[in-house]
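Enquirer: Listed below are the residues making up each chain.
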Amino acid sequence: MISAVFRIMWLRLWRDKGALVLAFILPGFIFAIFAAIFSSASGGQLDIRVAMAVTSPVEATQSFGKRIAENATFSLTTDANWTEADVRERVRLGQDDVGFVMFGDIRDPNTPSIHIIKDPSRDIAATILMGQLRQKLAVLAQTTSTEIFVQSSAIQANEDDTQTDPSVTYYIGATAILFLLFSAMQGASISLEERKSGISDRLLTGPKGATLMTLGKFLFLTMIGTLQAVVIVAVAGFFFKVPVAGLALPLLFASLCAAAFAASIALLTVSLCTSLSQMNTVSTFLVLLFSAIGGSMVPRFMMPDWLQNIGRFTPNHWVIESYYGILARGQSVSDLLSVWSIVIGATCVCLFLAVFISHKMMRV
Amino acid sequence: MTSAFSVEGLSVQYGAATALDNVSCHINSGEVVGLIGPNGAGKTSFIKAVCGRVDAKGVIKIQDKILKRGMDRQNLIGLVPQDIGLYPHMTCLENLEVFARIMGLPSEHRKSGALSALALVDLNDKSGALVNTLSGGMKRRLNVACAIMHAPKLLILDEPTAGTDMPARDSIHRLTRKLAQSGMAVLLVTHELEQVEALCDRVLIFAKGRLLSEGTPSDILETCFGATRELTVRFGTLPTPAMLADLSPFNFIEGELPTMWSALTDERKLSMASAFLATLQNNHPEIREIGIRRPGLPTLMQILEKTGQLP
Numbered sequence: 001m002i003s004a005v006f007r008i009m010w011l012r013l014w015r016d017k018g019a020l021v022l023a024f025i026l027p028g029f030i031f032a033i034f035a036a037i038f039s040s041a042s043g044g045q046l047d048i049r050v051a052m053a054v055t056s057p058v059e060a061t062q063s064f065g066k067r068i069a070e071n072a073t074f075s076l077t078t079d080a081n082w083t084e085a086d087v088r089e090r091v092r093l094g095q096d097d098v099g100f101v102m103f104g105d106i107r108d109p110n111t112p113s114i115h116i117i118k119d120p121s122r123d124i125a126a127t128i129l130m131g132q133l134r135q136k137l138a139v140l141a142q143t144t145s146t147e148i149f150v151q152s153s154a155i156q157a158n159e160d161d162t163q164t165d166p167s168v169t170y171y172i173g174a175t176a177i178l179f180l181l182f183s184a185m186q187g188a189s190i191s192l193e194e195r196k197s198g199i200s201d202r203l204l205t206g207p208k209g210a211t212l213m214t215l216g217k218f219l220f221l222t223m224i225g226t227l228q229a230v231v232i233v234a235v236a237g238f239f240f241k242v243p244v245a246g247l248a249l250p251l252l253f254a255s256l257c258a259a260a261f262a263a264s265i266a267l268l269t270v271s272l273c274t275s276l277s278q279m280n281t282v283s284t285f286l287v288l289l290f291s292a293i294g295g296s297m298v299p300r301f302m303m304p305d306w307l308q309n310i311g312r313f314t315p316n317h318w319v320i321e322s323y324y325g326i327l328a329r330g331q332s333v334s335d336l337l338s339v340w341s342i343v344i345g346a347t348c349v350c351l352f353l354a355v356f357i358s359h360k361m362m363r364v
Numbered sequence: 365m366t367s368a369f370s371v372e373g374l375s376v377q378y379g380a381a382t383a384l385d386n387v388s389c390h391i392n393s394g395e396v397v398g399l400i401g402p403n404g405a406g407k408t409s410f411i412k413a414v415c416g417r418v419d420a421k422g423v424i425k426i427q428d429k430i431l432k433r434g435m436d437r438q439n440l441i442g443l444v445p446q447d448i449g450l451y452p453h454m455t456c457l458e459n460l461e462v463f464a465r466i467m468g469l470p471s472e473h474r475k476s477g478a479l480s481a482l483a484l485v486d487l488n489d490k491s492g493a494l495v496n497t498l499s500g501g502m503k504r505r506l507n508v509a510c511a512i513m514h515a516p517k518l519l520i521l522d523e524p525t526a527g528t529d530m531p532a533r534d535s536i537h538r539l540t541r542k543l544a545q546s547g548m549a550v551l552l553v554t555h556e557l558e559q560v561e562a563l564c565d566r567v568l569i570f571a572k573g574r575l576l577s578e579g580t581p582s583d584i585l586e587t588c589f590g591a592t593r594e595l596t597v598r599f600g601t602l603p604t605p606a607m608l609a610d611l612s613p614f615n616f617i618e619g620e621l622p623t624m625w626s627a628l629t630d631e632r633k634l635s636m637a638s639a640f641l642a643t644l645q646n647n648h649p650e651i652r653e654i655g656i657r658r659p660g661l662p663t664l665m666q667i668l669e670k671t672g673q674l675p
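In order, the protein sequences belong to chains A and B. Quick note: the first sequence uses our numbering, first residue 1, plus one each step. Quick note: the second sequence uses our numbering, first residue 365, plus one each step.
Bound conformation, chain A alone (with noise of 0.2 Å):
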């Protein structure tokens, strides 16, 4: 019976192209998307589209504004005629980040000279903006103020990879769990167009035959799940020189556990709806709860410690958990013993409890 549905739920993919395209596709792309956007973010190169208005007649202040135009380290607009309400004008229309206004004298240092006008949506920018202000005004006082900073990554490079960014190994596993669990959902509600087709009273002839497809389909979702994750790192080891290829073993045994538990969700999910449209419903809004707060759409650091908390309990953390120990923090199998022993536990007592509702309610 399991080869049956494995052959059932392989056509069914295999001739469904978006949703082959969902499967195997979309996930390499949207990770790539991910890892271009946050690896940008992290390292220090985001950048901010300024407006900058010089509105003091002070010699020096108007210097530096040339001196800034002249050696911007960010996309910077400016126009000797702007005043303090052109550059407002500019930032709440969001044609520019952040604008400045030097409207004083930049060499008294006891009084304001430079007036930030930020979006507050983006704060960041206007943080950015300052330090870089600072690093200027600095150098202009010849000051050694901008040395002072030494840094160094708690995390060990690999000796022949100098390009790899932590964020883009920490998108690996926020993509992956993110995709599995959406195609697993995806792929499980076949159960709902069985049970409404009647197709699952003519399967449930047998007392084995709820367990028995369940268990089909758990493996088929596995093997999918799998492939799927693999898509995905080998899209970071081939475009963004994720070391990959000394880590296969571990990598492909994080991305077998990944997709066992988000198919063991996706099955106790469809174990206890009754028609598509709630199926549709819960999953979106699991899917969506799980990524937002477990880490896969921005990482978990940035939230608040209640959040952080709640996090735990999701397949997201301990998935992101399982790929960022291998790939950034080089941890080995017996480091990350207890987090797939979290994770292959959750995901038995979730394929347990979705057997033992197919097989109590008849559902497969």
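These are calculated hints, taken from the structure and not from any lab test. If you're wondering where the values come from, they're calculated on a predicted model, not measured in any experiment. One thing to keep in mind: the hints can contain errors.
When the alpha-carbon atoms are kept at most 25 Å apart in a straight line, the in silico DSS-like pairs for lysine-lysine are as follows [to be verified]:
| hint | chain 1 | residue 1 | chain 2 | residue 2 |
| --- | --- | --- | --- | --- |
| 1 | B | 421 | A | 360 |
| 2 | A | 360 | B | 425 |
| 3 | A | 360 | B | 412 |
| 4 | A | 17 | B | 412 |
| 5 | B | 670 | A | 360 |
Some residues of chain B that are not near chain A, with every Cβ distance over 12 Å (derived) [to be verified]:
| hint | residue |
| --- | --- |
| 6 | 421 |
| 7 | 428 |
| 8 | 479 |
| 9 | 520 |
Don't be surprised by glycine CBs; every beta carbon is placed ideally from N, CA and C.
Once you've looked at the hints, dock chain B against the given chain A.
Expert: Chain B alone, transformed into the frame defined by chain A:
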């Protein structure tokens, strides 16, 4: 004929509600038996109990093999569900092969079994066609084919002709007869009572979870109606209260449609009834049709639905 399928004292409880109450019946090999009854009569619970999908008390036997609780019965029973229980994204042959595998057919017999089933339902030229490209009648026939590849001893057809046109219905009926002739015991669950009269060797009538009557359609009708005859009147438009008042000499009741009215009367009053109907038609040109006939299963079911008892 040997009894291919039998149940003794079959009871099903859903909490405090009794869905089936001590039902005993049998179906012989080669026999087509109709299972009829009003909604809530226990037909679905009976099928579920036989298929092992609900806990039931009593003994269920298929060819002398007692089906115990939890026993796999896929190889003994073929179930044709009321809905089209097929995978629309797969071809006819793929559907058959998948169900053959699920039914436990040995791998060497799967393809041949699938092709024979396709031939039996006259769909050999559609083996490579996707199910969602078939007509409604073809889907119904394929629905039956998927349940017979493993040559079950008991074939359960649950409303096999629902939503089909006349030719498709006739084709399913011929197929049902053919399958019975091959030795299967066929249980036909349907609401299409005229077809039951035409197709079934025997009928089981359920109401409120109990088996009320069992026998050939003609025996049951004879027992229930004897010398009773049915007067029928069909109006061309919705009858007015004045028209209905003119029906009062006989106890007419509304039929399946608001324009159809019928009454039961004794055979001895037939000449009086004929004269009454003729006068009625003369007085009311809106009447399209009048008739006198022996009551059939539809009339029996109408009475059962209204009174909960057989006449």
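Enquirer: Next step is simple, just say for each hint if it's right about the structure.
Expert: Verification of the hints:
A threshold of 25 Å between alpha carbons decides the hint, and for residue 421 (chain B) with residue 360 (chain A) the separation of about 18 Å falls inside it, so the pair holds. At most 25 Å may separate the alpha-carbon atoms for a hinted pair to count; residue 360 (chain A) and residue 425 (chain B) meet this at roughly 24 Å. This hinted pair checks out: residue 360 (chain A) and residue 412 (chain B) have alpha carbons roughly 14 Å apart, not beyond 25 Å. A distance of roughly 37 Å separates the Cα atoms of residue 17 (chain A) and residue 412 (chain B); the hinted pair therefore is violated under the 25 Å criterion.
At most 25 Å may separate the alpha-carbon atoms for a hinted pair to count; residue 670 (chain B) and residue 360 (chain A) exceed this at roughly 36 Å. With 12 Å as the threshold on Cβ separation, the claim that residue 421 (chain B) sits away from chain A holds: the shortest Cβ distance comes to roughly 17 Å. Residue placement check: residue 428 (chain B) keeps its beta carbon more than 12 Å from all beta carbons of chain A (closest about 19 Å). Separation of residue 479 (chain B) from chain A is adequate, the least Cβ-Cβ distance of about 18 Å exceeding the 12 Å criterion.
With a least CB separation of 9 Å from chain A, residue 520 (chain B) falls inside the 12 Å interface cut-off, contrary to its annotation.
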